[in-house]
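A.B. asks: So you can see what is in the structure, the chains are spelled out below.
2 protein chains.
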Amino acid sequence: MVDELVRLDAQACARAILQGDITASDLVSACLAHIDEREGAVEAWQHLERDVVDRQLSVLDTMTTDTRGPLHGVPVGIKDIYDTFDMPTAYGSEIYAGNRPPWDAAAVARLRAAGAVILGKTVTTEFAYWKAGKTRNPHDTTRTPGGSSSGSAAAVADFMVPLAIGSQTVASTVRPASYCGVVGFKPSYGRISLTGVKSLASSLDTAGVFARTVSDAALIASIMAGRSDWTAAASSPDALTVRVARTPDWDEVTADAMTAFEMTVSLLRSAGADVSDTDAPGRFKPLSTVQNTILAFEAAREFSSEWLHHRARLSPEISELIEEGNAITPEQFEDAVTARRGASEAIEELFAGADVLLAPSTLGEAPLIEEGTGNPLMSRAWTLLGLPSISLPCGKGPAGMPLGLQIAARPGRDGELISDAKWIEARLA
Amino acid sequence: MVDELVRLDAQACARAILQGDITASDLVSACLAHIDEREGAVEAWQHLERDVVDRQLSVLDTMTTDTRGPLHGVPVGIKDIYDTFDMPTAYGSEIYAGNRPPWDAAAVARLRAAGAVILGKTVTTEFAYWKAGKTRNPHDTTRTPGGSSSGSAAAVADFMVPLAIGSQTVASTVRPASYCGVVGFKPSYGRISLTGVKSLASSLDTAGVFARTVSDAALIASIMAGRSDWTAAASSPDALTVRVARTPDWDEVTADAMTAFEMTVSLLRSAGADVSDTDAPGRFKPLSTVQNTILAFEAAREFSSEWLHHRARLSPEISELIEEGNAITPEQFEDAVTARRGASEAIEELFAGADVLLAPSTLGEAPLIEEGTGNPLMSRAWTLLGLPSISLPCGKGPAGMPLGLQIAARPGRDGELISDAKWIEARLA
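Residue numbers (my numbering), protein chains in the order written: chain A, 10 to 438; chain B, 10 to 438.
This is chain A alone, in the form it adopts within the complex (with noise of 0.2 Å):
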């Protein structure tokens, strides 16, 4: 009964509770069994309070059912950068242990008023940034999960929730979905309020989702961003249109995740897909270099009162980067400022009429655990840029661990970009 539930993708979950086949108490008494067996493993959650979740479900059970919410009884994991009011919040650092916010963050009061179930924090790399935490991959517990949303991507892979949120200032979404294997969805920048979430670096920092189909990542961040114009369904074949635009990034892709995505390409085009390949416009180039300045010399100010009052409790990973920060000239920021918007007005460039574009989700496998969280490099230019991405998995690397295959879409298509990974999704099955 455990294992039935616990794999369950959140819509069933959904549909089961409304339908009085389960309750929400049974749902997450599963989960919560599920992480008593295999917590010790992976690690993923950073807080876990049974008596919150019981005043929870106590809530939910007062609602009538024409009062429910689409993710009535659903339980969500929430990154530790996201403040809740009921359960600490320590952004993935010491100097917060034990910290306790007066409010929800605005997306984590969404999903509350949706009718999920908050079961707890999940871990994050300090700051989200570079300093690991403690979760494992659960496909091999050597490997690293990925970051920055180590312990939601986690969850979400080893079937303990079947939602969780993290965010992307990098590639803390993409990269540990991809890890992972599972899929990992960042709105187009600036969709989904980060009100009440830790900021690492303003104009780059995007909410994040972890579900284990592309429909249900769509249904939370709807629910997150209040659009009711993100869970449209699958794009028609023909329809589909595919840029695979190659930048000199490219080149650090390991060759087996070069052959997996290569695989890919040729299933889509085999299955209707119109696919152009071509190299990346020159402007398009250099924006992995011009995202790192906009997000070191952002997170020197973001960072200020830590480095003020708490300086020697900082990592070494988060002292470098704040300390890059302050060796950025406000010229060379401007002109970083100014190479984005340059490339930002010329997206169609960069898609050349295609609705979607497609890379590798990371440069291969998940490392093993003591070589850090992974490279973030295959998803630097796409957030920089604000663009919508979904990772999908696809394929298996030489050992064993999962790949993944990364959609992007211009700023403000969101919906489209959910219709069509939900089609690609399709073809991979």
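The set of hints was computed from the structure by calculation and includes no laboratory data.
In this text, a Cβ means the ideal position worked out from N, Cα and C, and glycines have one as well.
Certain hints may be false.
[Stated by the list, open to error] Pair by pair, the computed Cβ-Cβ distance ranges are:
hint: 1; chain 1: A; residue 1: Glu271; chain 2: B; residue 2: Thr240; range: 39 to 45 Å
hint: 2; chain 1: B; residue 1: His319; chain 2: A; residue 2: Thr250; range: 46 to 52 Å
hint: 3; chain 1: B; residue 1: His56; chain 2: A; residue 2: Glu326; range: 33 to 39 Å
hint: 4; chain 1: B; residue 1: Asp344; chain 2: A; residue 2: Gly362; range: 19 to 25 Å
[What the hints assert, rightly or not] Stretches of chain B that chain A covers, calculated by requiring three or more beta carbons in the stretch to come under 8 Å of a beta carbon on chain A:
hint: 5; segment: 207-216
hint: 6; segment: 302-315
Since the structure of chain A is already known, use the hints to place chain B on it.
C.D. replies: Frame of chain A, contents of chain B only:
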């Protein structure tokens, strides 16, 4: 002695302390004595606590001359939407009365690191929106100081502090600066970190500052932003080209305010500025409406936690904004985002080769308290486009209340705006 000290500008204060003519404690005591005398009439302060200020002074006293920052000992007022680790922060709402943040807002930490004395928290409207706080205009206490940065503008105008910080999502720096007869500076969108500042609408929210000279405003903003390029000298007169680009919004400006504005333009022209005066291009005319659509849609999302947990404690003003935002469709929002992007990409059409744009800061003088915090119309479009802008005191209206001149530059050209504003300030003196 009190009168003399409190009338010094911030840089004169810093110099006097550095030279040993006065101590930081002398200056703070003078400010507090003046506040004691005037606060009953003006009510600019939400929180003032002598012990907390004394603790800051003790730390500053331990510093040697070569470790002191550029604002060493200078008192600053902080709008109560900025978190402070040593003072409560309530965001103008009873919901958060007594709230104790675990950090300083990033911009506040930068001020502390520069040696500023965080004197206290100034009154904000509820969540930096329309519902007025208790503050009155120091020039006539039957009139509004403007909002939402009401206490900060009034405190600087009334010589309670030489510097204060605020924010602007619609017109919340320019309008109160104009009504209170002080300098207000809202930098380009995204250049000062808003980490630890309560959000109203994230793609519009911008930090702002108040001072009694452009030079002081530029100095405090440059410290908050970590910018060495915002403190340049005044432009040379022959270099200044100015554009007066009228939109339909200008029909709302009162006759007296328009007369004062036209006189100022004539004065600048005679002083050597190259002024062109035409209608704004068509795409810029509907931007006030576009701004309001984005404001309402985003605000409805930012306040999801308060809407879920504390709805009955929100004012009618903010509740109406949230309901308005919830009624905006995703398509209407994306159309507004597209209209903003189109205008941003065509920004050269608006500037038409000029360095800066000029407009009246507000529709007229500060209204009576019972009429609210005044109309923000004249800043909506420029805030929407992320333009840096400065309001300079410029003449008086029929009731003898201050009027303001609003100057704006292209996004990212804050340094040039400051230089040009210094030149204009000197002409107006």
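A.B. asks: Decide, hint by hint, whether the structure agrees.
C.D. replies: Going through the hints against the structure:
1. A:Glu271 to B:Thr240: 39 to 45 Å: violated (54 Å)
2. B:His319 to A:Thr250: 46 to 52 Å: holds (48 Å)
3. B:His56 to A:Glu326: 33 to 39 Å: holds (36 Å)
4. B:Asp344 to A:Gly362: 19 to 25 Å: holds (22 Å)
5. 207-216: It holds, with 4 qualifying residues against the three required.
6. 302-315: holds (count 8)
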